[in-house]
Amino acid sequence: MIPFLTYPLALLALATLPTLTAIYLLRNRFKRRQVSSLLLWHFNVPSKSGGAKVHRLQLPLIFFFELLALALLVIAAAGPHWKLPQSARPLIVVLDDSFSLRATRDQVSAQARAQAFLEKLYRHQPPPTTQLILAGTEPRALGGTVKTWREAAALLPQWQCAAPTATLDAAITLAGETGRQQANILVLTDHRPADEKITNPRLEWHAFGATTENFAIVNASRTTFGEQDRCLLEVANFANGARPTTLFVQTEANAPQSSALLLSAGETKRIVFNLPAATPALHAWLEADALAEDNGVQLLPPLRKRVRVQVALADENLSALANRTLAATGLRAAISENPELVIHATDTVANSNSWSLCWAGGGTNAFTGPFVVDNAHPLAAGLGLAGVIWAGRTTTNTPGEVPVILAGNVPLLSAREDALGRQHLTLNFNPSLATLQNTPDWPIVFWNLLQWRIAEMPGLNENNARLGAEVILKTTGEAVTITQPDGVVKTFPKTGGELAIATPVPGIYSVAAGTSTNLLAVNALAADESDLSACASGQWGKWGEATERRLAEASAIWIFGLLALALLTTHLWLIAGGKGAK
Amino acid sequence: MDADLQQALRAGELLGTRYALQLPTVAASGWIGSRMGRRTGSSIDFQDYREYQPGDDLRFIDWGIYARTDRLSVKLFREEVTPHLDLILDGSRSMSLAGTAKAQATARLAAILASAAANAQCSQAVWLTGEGFHRLPNDTLPPSAWNRLEFNSLRAPDQSLAIFPPKFRHLGLRVLISDLLFPAPPLPLLLRLRDGAAALFVIQLLARDDATPPEHGNLRVVDSETGAESEIYIDASLAKQYAENLAQLQQGWADACRQCGAHLTTLIAEDLDDSLRELEAIQLLTPA
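As given, the protein sequences belong to chains E and G, one line each in that order. To convert a position in the first sequence, counted from 1, into the working numbering, add 1075. To convert a position in the second sequence, counted from 1, into the working numbering, add 280.
In case anyone wonders, no lab produced these hints; they're calculated from the structure. Beta carbons: idealized from backbone N, C-alpha and C, even for Gly. Be aware that one or more of the hints could be misleading.
Listed next, the stretches of chain G that the computed footprint assigns to chain E, with coverage defined by at least 3 CB atoms under 8 Å from CB atoms of chain E [to be verified]:
(1) 342-351
(2) 461-475
(3) 504-510
(4) 514-524
(5) 540-554
Chain G side only, calculated, beta carbon under 10 Å to chain E, not exhaustive [stated by the list, open to error]:
(6) ALA436
(7) ASP438
(8) VAL501
(9) LEU529
Simulated restraints, written as ranges between beta carbons of each label pair [to be verified]:
(10) ALA378/G to THR1094/E: 32 to 40 Å
(11) LEU1100/E to GLY476/G: 38 to 46 Å
(12) ALA1097/E to ASN418/G: 36 to 44 Å
(13) LYS447/G to HIS1117/E: 33 to 41 Å
(14) ASP551/G to THR1094/E: 54 to 62 Å
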């Protein structure tokens, strides 16, 4: 344990030690003088600082205190460090943030047991530093590095175990990178590792779960079904044998309706029913069991967005075809004032909000393929165009337009976005010589077009989401305030047209954008997390003894500083008490 | 003998030729000499007449008076005497205090007095204290011929007097040269020295370091005679107290001198030549 100095030049200050000694020696030195007789040197007053009559050097006690304090301060200024064998490496704790850790056994959740273990570890083998990493849908560092259990405990309330999945592998990788392969990694979860033979000498895997019977709603949706809403609920039995349960369904203030279910081991039962479209939020839940988070869902009425379309085609045949096709999509609004999409034959100026589809009906060239389709484009989703005859004009692409469908170098469908973000589409199609309008691809194109337009309209793109999913909110730049079910309020003063809303906890979210407020239902639907049959308790892997001990640089400045402070305090006390000169 | 002391003796002898010892009347006695005594003697100076007594020298009968008065009268003449100086030198080590001119000044002063005594037709004896009172070899000769003048005794004069007292000449002039820095009470010593003397002069010869209060600071003072040491921090009060101690010592000697009819003066060794007027003031020296 050889100390080394950060600032060795500070040792030059040791020159003050002989200086101080010289000052004291000169101050206390007795000048020898031979006198004729001591007859005249007998005084009534004793010498104040002359010391004894012995010939050894008399120095006051405070001199030694000052000398020692000075030496200690000089050493402290030199920044002494030494390498000490540390009893433990830095610790990085990977916390499984999935909601399966909320499953209780004997009224105690796996999360609580894991937290108690962590506290016990801190008490018996406190690591020098600790970093917490949450393994939720994606790994996330929880605060900075902490040194004491109190600091760590202050961060643990953020470990809510509400994620639908736990990316433990990614979190362990992040921990390894954060700890530069030097830190000990502790995984706290509720299930055994995929490979129970852990070869990493710095990884310990502790599970605190238990195999528990659990019923769960693993799937739930509420979609439009004509003028009604269709609800789908999937209930799974994750017990080893057949078990009964009861499903309760309640809408608004109506009395809940229950239905008894008997599911065999591992069976999933699908319940489908229709609701009137005007029915508000639906609440469905199961009987209480070990894991409460997956027992209930809330389903809001699905969004019914429609596009106001104005068909401004002079050709009656084209106009009729267009109207018929739009009606078939079911996405066209009943009214066409203030249109959001204008279908026209010439380059008419659209209003400020509308997209335009310029349908050039002329052209006598029939193309049988092959067609080049940009499958990444929203308009091309689901298009096959097999055996289709597409008639149109032989033309070239207009600068700025992005071709979506081409026949050779002839653009058949192209799109252009203007400076305001509006899309202007060009359809080079003559139905009189084509067979496209008689194939399923024709309504697909229009459905894709309206769905694209709907997707770009302000508001949420869905209002029933799974836990952990990102829900897209289209805005026009106004401020957005999101109130989570747990009371957390997030405000985004300025949005750039699109906002991805994170859904970390299940429940009803309130999304206020401008003057409108939308609700968003988030449900914990994760069959893997609800399945507690694979949960286990135990320890896998152990930090190697060799890795327990390592040499770490430890600053000793504080030791010397404290000693110097103590000496100076004693020095002051001696001076104040008049004892220093004795 | 130390060369410096030898040089001091020579210089003092030379300086002393300017002075003569000023003898008191009572000191005009002694062996037959060349100086008028206060009693009748055999000089040619007429003093008185008296009636003839049987046994008187017939040569001194004044026959003229016998012819006129028919009475035998003899002439009386004054005696011629040689007065004597007993010079007592303190031979203790303190008289040769290192770093001072004390020893040289003592030798120089003794030589001045001896030379002045010669000018006054006085005989002299030089006594050096030590293990008793001992005369210096060749002390009757001029000072430059003196020998074994050393100040290395561990005894104070009072102790030397007790060990081996001197045989001073009756009615001689006695001069004590010492720093008087010894703890004995002065009066017994002075009475012994004053006994049978025509006069006793006490010259306290101090170095300037003895007479000046010490500087402030830590001092380890070493007694030059005993070697005893003392560590003292000198401040203003102790410096003042030192001066008071010296004054008290001098006052004690002055009182004792007054009691026994001795004369006391204090000289500073480093300022000896300028201090000879003090010796004139106490009527010990007079310009020759």
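So, going through the hints one by one against the coordinates:
no.	hint	verdict
1	342-351	violated (count 0)
2	461-475	holds (count 3)
3	504-510	holds (count 6)
4	514-524	holds (count 5)
5	540-554	violated (count 0)
6	ALA436	9 Å, holds
7	ASP438	13 Å, violated
8	VAL501	5 Å, holds
9	LEU529	7 Å, holds
10	ALA378/G to THR1094/E: 32 to 40 Å	33 Å, holds
11	LEU1100/E to GLY476/G: 38 to 46 Å	59 Å, violated
12	ALA1097/E to ASN418/G: 36 to 44 Å	55 Å, violated
13	LYS447/G to HIS1117/E: 33 to 41 Å	36 Å, holds
14	ASP551/G to THR1094/E: 54 to 62 Å	43 Å, violated
Taken one by one, the earlier hints fail for this structure at numbers 1, 5, 7, 11, 12 and 14, listed in ascending order.
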